[in-house]
Amino acid sequence: MPELRKDPIIGRWVIIATERAKRPDQFSSSYAEAPAETACPFCEGAEDSTPPEIYSVRPRGSPANSPGWELRVVPSISPFLKIEGDLERRGKGLYDLMNGIGAHEVVIETNKHIANMADISEEQISRVITCYIDRMLDLEKDRRFKYVLVFKNYGWSSGGGRVKHSRSQLIATPVNPKRVKEELSGAHFYYDYHERCVFCDIIKQEMSSKDRMILDIDGFIAISPFASRFPFEVWIMPKKHSCDFTALEQDRRRDLARIMKQVLLKLKKGLNDPAYNYVIHSAPFRRPSKAGYWKSVDYDYHWHIEIIPRLTRVAGFEWGTGFYICPLTPEDAAKFLREVEV
Amino acid sequence: MSELRRDPIGGRWVIVDTDHPHRPEDYEYEPLNWRGGACPFCYGNESMTPPEIEAIRDPHTSPNTPGWQVRVVSNKFPALQIEGELDRRGLGIYDMSNGVGAHEVLIETPYHQKDISDLLDQEVENFLLMYCRRALDLARDKRFKYIMIFKNFGAAAGASLEHPHTQIIALPMVPKSAAEEIKGAQNYYEYRERCIYCDIVRQEIQDKERIISENKHFLSFCPFISRFPFEAWIMPKKHSNSFCNILAEEVPSLASMLKETITRFKGIFAGLSYNFIIHSAPVNGESGTEGYHWHIEFMPKLMRVAGFEWGSGFYLVPTPPELAARYLREK
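Quick note, the sequences are listed as chains A and B, same order.
The numbers in this note's numbering rise by one with no breaks, and the one at position 54 of the first sequence is 34.
The numbers in this note's numbering rise by one with no breaks, and the one at position 261 of the second sequence is 286.
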């Protein structure tokens, strides 16, 4: 019998379609051939092929935009949003619009031409985490922005583009994204009623039932969420309550890097190097001067990372309706990933 | 400067690239590739599907044999099952229910390679009428709250079988996006005592720049807040919250609008894969839906939705709807 499961945070129902279930090892990761790779603008020595860097890690103190770096952040060459200008909120008949102001940056995670973050060292991943935090804190200073979304597209079918060099992106937006708002208000609603954080409750339940647990190490857990939208969807959450990713202490960044690398390696090994996306969900910028602006977010929200391997084609109707049919139970997915040795 | 546009119904923001808009030839989409092979939906293969639920057939032909024009069968791999009482329960902090529902497949034509644009108007009318008949029949089952009618055409759009077909899913609850849309429309309705979709129709007819085509009863246009490039909506000009209440005289008008829209798309994008969804009011006792207005949302599959979109609910639209409408209008 298939099951309908409800996401406890935002209330979305998904169908866990056991009738059409495939075995975990039947998911193929190569449904779309990637086109040939073009010359890499992100490798060491190609610094001229990107816009001037915003941030870099240069242990030997080499000059900006020259070789000798371990990590670089540059503005996107084709930004969705632009940094200069005013928002100019306005109406147009019954529609509302504003200028496309924002920041769009690319984090080049390594100077080597490595495609998958799973193959980058733990130490380097922890540098990437520190870089995310530094950039988010810097963008927070710009009062036009409300949110920074950190995400990664790996592989052609995830929207990763022709160049394979491992990188992630940051987009600062002048409005709170809808998905984030839904999570914030869902979590707030739960807190209002229970006086507990819904994510902390999820962590407790997952730690006691273990059915959906993939990894539990060093203060972080990786789970297959109860109402997974996609097969092998994985969430990584800090066990200690915190709404804000940028508040992650220095000495815990290496622990986060470790669990991220292990999850990504499990996906790579177990599912034949699938394309994937991940996104960090953290609290929006909290500016004390604004009335009623996510006041309780410290208590009711909990940052986390959502990882989605691209194993099935997402039908347009799923984007159109917000209604997902997942052909694998999260329990089977977690069991499979638990057993992949890395 | 690109633009951020706000959906007046759901409150979603989209980013529209007005600076360097993509032209149709800039999209690297996956073209349709007919593989052929044994097809359970083809004429003569009726025994390869579950027994038919309903069909439009020649007189004196029996079910599950040739002689049909439109055929509805149960999905062989249903996402939901028809038998059983709805059993909602909790599991710790989680809520769940058994997967009660209906999952039907409507085979639009006996011909394997005929898309809607290749059918006669009358053939399109036939399957639209069948949509209606199935939706009305399923709505008699009081366990169901929402009837979702959608089409995935082409592997890139998620179709697992090539033969043109539409899926009909009856759900025991209202899906999240539909519920949000209805709530957004209802809020507007209570505040202004007007339907927001009627206001959109009025504004689009006046602005003209996003219109693709208009006939007696329907308007097709690229919505101001498109989430996908070249997204198109087909909307009845007259207010009605439910697709099933379509009048007999409106059906030919809808059929020709649907066929025309798809023909225009194919003229620009050869071998296009696409999805469309009929957005309609819930069934069986959901109140507060008089401010809703049914419509069809058509989404050509031109891009892969990437991490930013699913993570944020923000959409990036590389072709402004005004430009998309111009291409489609001039085709």
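Keep in mind that the hints were calculated from the coordinates and are not lab data.
Please read all numbers here as calculations on a predicted model, not as lab measurements.
Ideal Cβ positions, reconstructed from N, Cα and C, are used throughout, including at glycine.
Some hints here could point you the wrong way.
[As the list claims (entries may be wrong)] Below 27 angstroms or equal to it, Euclidean Cα-Cα: the simulated DSS-like pairs (lysine-lysine) are:
1. A:Lys241 / A:Lys190
2. B:Lys263 / A:Lys(-14)
3. A:Lys72 / B:Lys101
4. B:Lys139 / B:Lys233
5. B:Lys208 / A:Lys(-14)
6. A:Lys92 / A:Lys184
7. A:Lys190 / A:Lys249
8. A:Lys161 / B:Lys101
9. A:Lys184 / A:Lys161
10. B:Lys208 / A:Lys72
11. A:Lys(-14) / B:Lys201
12. B:Lys201 / B:Lys291
13. B:Lys170 / A:Lys158
14. A:Lys121 / A:Lys92
15. B:Lys167 / A:Lys(-14)
16. B:Lys201 / A:Lys158
17. A:Lys275 / B:Lys263
18. A:Lys92 / A:Lys241
19. A:Lys219 / A:Lys158
20. B:Lys263 / A:Lys72
21. A:Lys220 / A:Lys241
22. B:Lys262 / A:Lys72
23. A:Lys(-14) / B:Lys101
24. B:Lys263 / B:Lys170
25. A:Lys161 / B:Lys241
26. A:Lys161 / A:Lys249
27. B:Lys208 / A:Lys158
[As the list claims (entries may be wrong)] Have a look at the derived ranges for each label pair, beta carbon to beta carbon:
28. B:Leu116 / A:Lys62: 20 to 30 angstroms
29. A:Phe169 / B:Arg60: 44 to 54 angstroms
30. B:Gly92 / A:Asp191: 49 to 59 angstroms
31. B:Gly292 / A:Ser189: 23 to 33 angstroms
32. A:Ile197 / B:Arg227: 53 to 63 angstroms
33. A:Glu319 / B:Gly117: 39 to 49 angstroms
34. B:Gly36 / A:Asn252: 55 to 65 angstroms
35. A:Glu319 / B:Arg219: 52 to 62 angstroms
36. A:Glu175 / B:His264: 15 to 25 angstroms
37. A:Lys72 / B:Lys263: 37 to 47 angstroms
38. B:Gly92 / A:Glu17: 45 to 55 angstroms
39. B:Gly36 / A:Arg176: 39 to 49 angstroms
Comparing the hints with the structure gives:
Distance check on the hinted pair: lysine 241 of chain A and lysine 190 of chain A sit about 21 angstroms apart at the alpha-carbon level, within 27 angstroms; holds. The straight-line distance between the Cα atoms of lysine 263 of chain B and lysine -14 of chain A is roughly 36 angstroms, outside the 27 angstroms bound, and the hint therefore fails. Between the alpha carbons of lysine 72 of chain A and lysine 101 of chain B the distance comes to roughly 48 angstroms, so the proposed pair goes past 27 angstroms and is violated. In summary, the hint linking lysine 139 of chain B to lysine 233 of chain B is not supported, as the alpha carbons are separated by about 32 angstroms, beyond the 27 angstroms threshold.
At roughly 19 angstroms between alpha-carbon atoms, lysine 208 of chain B and lysine -14 of chain A fall within 27 angstroms of each other, so this suggested pair holds. Under the criterion of a C-alpha separation no larger than 27 angstroms, the hint pairing lysine 92 of chain A with lysine 184 of chain A is inconsistent with the structure, at around 40 angstroms. For a cut-off of 27 angstroms, the pair hint linking lysine 190 of chain A to lysine 249 of chain A stands: about 22 angstroms separates their Cα positions. A threshold of 27 angstroms between alpha carbons decides the hint, and for lysine 161 of chain A with lysine 101 of chain B the separation of about 38 angstroms lies outside it, so the pair is violated.
Pair hint lysine 184 of chain A plus lysine 161 of chain A holds up; C-alpha atoms about 24 angstroms apart against a cutoff of 27 angstroms. Proximity of lysine 208 of chain B to lysine 72 of chain A is assessed by CA-CA distance (about 22 angstroms); at most 27 angstroms being required, the pair is judged to hold. For a cut-off of 27 angstroms, the pair hint linking lysine -14 of chain A to lysine 201 of chain B stands: about 10 angstroms separates their Cα positions. This hinted pair does not check out: lysine 201 of chain B and lysine 291 of chain B have alpha carbons roughly 31 angstroms apart, beyond 27 angstroms.
Our distance criterion of 27 angstroms between C-alpha atoms is met by lysine 170 of chain B and lysine 158 of chain A, whose separation comes to about 25 angstroms. Of the pairs offered as hints, the one joining lysine 121 of chain A and lysine 92 of chain A is violated, with about 32 angstroms between alpha carbons and a cut-off of 27 angstroms exceeded. For a cut-off of 27 angstroms, the pair hint linking lysine 167 of chain B to lysine -14 of chain A stands: about 21 angstroms separates their Cα positions. At most 27 angstroms may separate the alpha-carbon atoms for a hinted pair to count; lysine 201 of chain B and lysine 158 of chain A meet this at roughly 13 angstroms.
For the hint linking lysine 275 of chain A to lysine 263 of chain B, the alpha-carbon distance of about 44 angstroms lies beyond 27 angstroms, and the restraint is violated. At roughly 17 angstroms between alpha-carbon atoms, lysine 92 of chain A and lysine 241 of chain A fall within 27 angstroms of each other, so this suggested pair holds. Of the supplied pair hints, the one linking lysine 219 of chain A and lysine 158 of chain A holds, its CA atoms being roughly 25 angstroms apart against a limit of 27 angstroms. Taking the CA atoms of lysine 263 of chain B and lysine 72 of chain A, the gap is about 23 angstroms. The hint holds against a cut of 27 angstroms.
Taking the CA atoms of lysine 220 of chain A and lysine 241 of chain A, the gap is about 20 angstroms. The hint holds against a cut of 27 angstroms. The suggested pairing of lysine 262 of chain B with lysine 72 of chain A holds, with an alpha-carbon distance near 21 angstroms, which does not exceed 27 angstroms. Distance hint between lysine -14 of chain A and lysine 101 of chain B is fulfilled; the C-alpha atoms sit about 25 angstroms from each other, no more than 27 angstroms. Taking the CA atoms of lysine 263 of chain B and lysine 170 of chain B, the gap is about 24 angstroms. The hint holds against a cut of 27 angstroms.
A C-alpha spacing of about 40 angstroms is found between lysine 161 of chain A and lysine 241 of chain B, which places the hinted pair above 27 angstroms, so the restraint is violated. Annotation: proposed proximity of lysine 161 of chain A to lysine 249 of chain A is violated, straight-line Cα distance about 35 angstroms (limit 27 angstroms). A distance of roughly 16 angstroms separates the Cα atoms of lysine 208 of chain B and lysine 158 of chain A; the hinted pair therefore holds under the 27 angstroms criterion. For the hinted restraint 20 to 30 angstroms between leucine 116 of chain B and lysine 62 of chain A, the CB-CB distance of approximately 47 angstroms leaves it violated.
Checked against the hint of 44 to 54 angstroms, the pair phenylalanine 169 of chain A and arginine 60 of chain B passes, with Cβ atoms roughly 48 angstroms apart. Checking the proposed 49 to 59 angstroms range against glycine 92 of chain B and aspartate 191 of chain A shows it holds: the Cβ atoms sit about 51 angstroms from each other. A beta carbon spacing of about 55 angstroms between glycine 292 of chain B and serine 189 of chain A contradicts the range 23 to 33 angstroms that was offered as a hint. For isoleucine 197 of chain A and arginine 227 of chain B, the Cβ-Cβ distance of about 59 angstroms falls inside the hinted range of 53 to 63 angstroms, so the restraint holds.
The beta-carbon spacing between glutamate 319 of chain A and glycine 117 of chain B, approximately 24 angstroms, falls outside the hinted interval of 39 to 49 angstroms. Between glycine 36 of chain B and asparagine 252 of chain A the beta carbon distance is about 40 angstroms. The supplied range of 55 to 65 angstroms is therefore violated. Checked against the hint of 52 to 62 angstroms, the pair glutamate 319 of chain A and arginine 219 of chain B passes, with Cβ atoms roughly 58 angstroms apart. Under the hint 15 to 25 angstroms, the C-beta atoms of glutamate 175 of chain A and histidine 264 of chain B, about 45 angstroms apart, miss the expected range.
Restraint check, lysine 72 of chain A to lysine 263 of chain B: a C-beta distance of roughly 25 angstroms breaks the suggested window 37 to 47 angstroms. Evaluation of the 45 to 55 angstroms hint for glycine 92 of chain B and glutamate 17 of chain A yields a pass: the beta carbon distance comes to about 53 angstroms. Our hint of 39 to 49 angstroms for glycine 36 of chain B and arginine 176 of chain A is violated, since their Cβ atoms are close to 28 angstroms apart.
Consistency with the previously given hints fails for numbers 2, 3, 4, 6, 8, 12, 14, 17, 25, 26, 28, 31, 33, 34, 36, 37, 39, ordered from lowest to highest.
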